[in-house]
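K.L.:
Here is what each chain is made of, one letter per residue.
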Amino acid sequence: MKVLIAKPGLDGHDRGAKVVAHALRDAGFEVVYSGLKRTPEEIVAEAIQEDVDVVGLSVLSGAHLLLARRVVDALRAQDAADIAVVVGGIIPPRDVEALKQLGVRHVFPMGTPLPEIVKALKKEPQR
Amino acid sequence: MKEINAHAGFPIAPVYGPEDVAGVDFARDIGRPGEYPYTRGIHKHMYRERVWTMRQYVGFGTPGETNARFKYLMAHGQDALNVAFDLPTQLGLDSDDPKAEGEVGRVGMAVDTLADMEEAFAGIPLDRVSVSLTINGMAAPITAMYYAVAEKQGVAADRVVTTPQNDILKEFIARGTWIYPVDPSLRLVADLIEFSARQYPRSNPVSVCGYHIREAGCTTAQEMAYGLAIAAAYVELMLARGMAVDDFAPRISFNFTAWGKIFEEVAKFRAGRRLYARMLRERFRAANPKSWMFRSLIGGGGSAFAVQEPENNIVRGAYIALAAALSGAQTMALPTYDEAYTIPSSKAQLIALRTMQICAEESGVADTVDPLAGSYYVEALTSAMEKQIEQELASVERMGGIVEAVRSGAIQAEVARQAYLFEQKVLSGEIPRVAVNCHVGEAAAEADRDVELYAFDEKAHAAQLAKLARIRAQRDGAAVQAALRRVGDAARGRENLMYPILEAVKAYASLGEIAQAMREVFGEHKEAVKL
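Each protein sequence line maps, in turn, to chains A and B.
Residues in the first sequence are numbered consecutively from 1385, following our numbering.
Residues in the second sequence are numbered consecutively from 590, following our numbering.
Quick caveat, the hints were computed from the structure, so don't treat them as lab data.
All of these numbers come straight from a predicted model, not from anything done at the bench.
No incorrect hints appear here.
Think about it this way: if two alpha-carbon atoms lie no more than 20 Å apart in a straight line, the pair counts; the simulated EDC-like pairs of lysine to aspartate or glutamate are:
1. B/Lys-879 to B/Glu-638
2. A/Lys-1484 to A/Asp-1437
3. B/Lys-1119 to A/Asp-1410
4. B/Lys-976 to B/Glu-871
5. A/Lys-1386 to A/Asp-1435
6. B/Lys-1119 to A/Glu-1426
7. B/Lys-688 to B/Asp-1046
8. B/Lys-1119 to A/Glu-1414
9. B/Lys-1048 to B/Glu-654
10. B/Lys-688 to A/Glu-1426
11. B/Lys-1115 to A/Glu-1425
12. B/Lys-688 to A/Asp-1457
13. B/Lys-936 to B/Asp-668
14. B/Lys-1115 to A/Glu-1426
15. B/Lys-741 to B/Glu-707
16. A/Lys-1484 to A/Asp-1457
17. B/Lys-1056 to B/Glu-690
18. B/Lys-1014 to A/Glu-1500
19. A/Lys-1386 to A/Glu-1508
20. A/Lys-1503 to B/Glu-1012
21. A/Lys-1506 to A/Glu-1414
22. B/Lys-1119 to A/Glu-1430
23. B/Lys-1119 to A/Glu-1434
24. B/Lys-936 to B/Glu-900
25. A/Lys-1484 to A/Glu-1508
26. B/Lys-688 to A/Glu-1430
27. B/Lys-1048 to B/Glu-690
28. B/Lys-1115 to B/Asp-772
29. B/Lys-741 to B/Asp-716
30. B/Lys-688 to A/Glu-1425
31. B/Lys-633 to B/Asp-956
32. B/Lys-879 to B/Asp-618
33. B/Lys-879 to B/Glu-624
34. B/Lys-1014 to A/Asp-1410
35. B/Lys-936 to B/Asp-1046
36. B/Lys-1095 to B/Glu-1084
37. B/Lys-741 to B/Glu-708
38. B/Lys-1115 to A/Glu-1430
Looking at chain A on its own, in the form it has when it is part of the complex (with noise of 0.2 Å):
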């Protein structure tokens, strides 16, 4: 299993991705880290190109419902689809439901242990 860990928008806290990163590549994941301030294409072209299988999205600023649909709309637009898309990051209760409806698989609100994050992704499905 592939996973990029993206920071989308301006938004330059990093400790939640690099730690979710590390997390995930201690549990046997390979992980690829984009850096701070993607675009949702940037993020989108680089998923592709690692073909990885899930693209995380840690966005703590506020603006996860736009970013994460720009990143669900443009991995559609590039036949991408069936890479998973799921969001960490500060994400108030009511809006893990919106963010399901865009297409996003699994959202991991603050304070989600980290077990937690290696067991959704591990049952996600190879591409």
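Got chain A; can you put chain B on it based on the hints?
P.N.:
Showing chain B alone in chain A's frame:
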């Protein structure tokens, strides 16, 4: 008996006694409050003369909304402001920039032109209120706007007290609001320090932040070590410009966190003050005692708090306030209990302010200076922290110094490694977190529903766009273009950028336009992405 370690790594003994402080020389290592090396605090009488400044971090939506919240907190006894800017502002993008979409007014207030800063501080007397500006990559233009607003209010330059954060090195390490490559970014830091030292003698043109590096995951000792290394880098930068150390060092300030183990935090600050005083006096040959003083905002960080049962965070906040007071804070700020969910509600802000006020007025912690001095434990811990901080400083040197460590990404990788280690210790239970990894209740899910969520106002974004369009239409376009050309010319040369930036600001050039004029010359930073 269970082994217990400080967050800094060394073990904590079950009992301390005289043998643990045998190596401490009272006059050399501790001294009296207000005297070198300031271990016990930078003022003789500390809070007996003046309690710490209370400065909650506030800003959201439009400048008008933020102005109203400022006034709300001031009406409840907050005596100073700390402004949060939205991400487009922090990154030099106007509200109408396509890259700003979805982020305008989210994590702070939106600022496009001087008109926004005028509105944010309308009715707030800038000769009496000190204002921190949490701005780094864009510190030069935002501070220029602040100086221009003060001037318009008729405030004399020597009455203006503002603290732009202006600490770009920690942005490269943690927080991420860098724009330009490392060298021109450092030049902007130095331009603002030099300009302010000459024109605005009571401003604090840099606030060195260990805070955000700790929030990003480093240990207590690393937080202090990295902060001291960054401060030294800025001192060297100014010396290289030919300034005398005592011409700027008295106005260097700090911003650190105090969550975690109370006594370890206190020891961190006592050791940090001692190390900073020695560094400025012995290494940099500063002669003015004010140059030796480690003046700090001390507050909590959101990472101290938990998402589970959020009201418990109110209690955690009280312990942070206690730790900050025992640590000798000049200024205090607390996170709000709802931060893991939302932009703080006014109720949550008021609880944080009241927490500090209760600590100051009711707890007795402010009655006497450095009440923990002479405790076997605290003095031994202070010495242990000092040693650990020195070791961390040496490891920064092995990375090639703080600037090189930032450029290569080595220090960012170390901070991320520590963040992961911390998380593993929480998972294993080595670091206990109530209602997270111990005493876990069933109430967590219920509590979620009790948090009042900030309703982001889409209309506010539209209002901000309309205002920017109106200002672009009304201003003297030719004057703006000429001012922006001068910013670009100055960026190409060596002139202090603050002068042309101030001129551009006063012509109502937008922040995005000023940032772009410099971007065309400096280019953009390419992050060294390392895991």
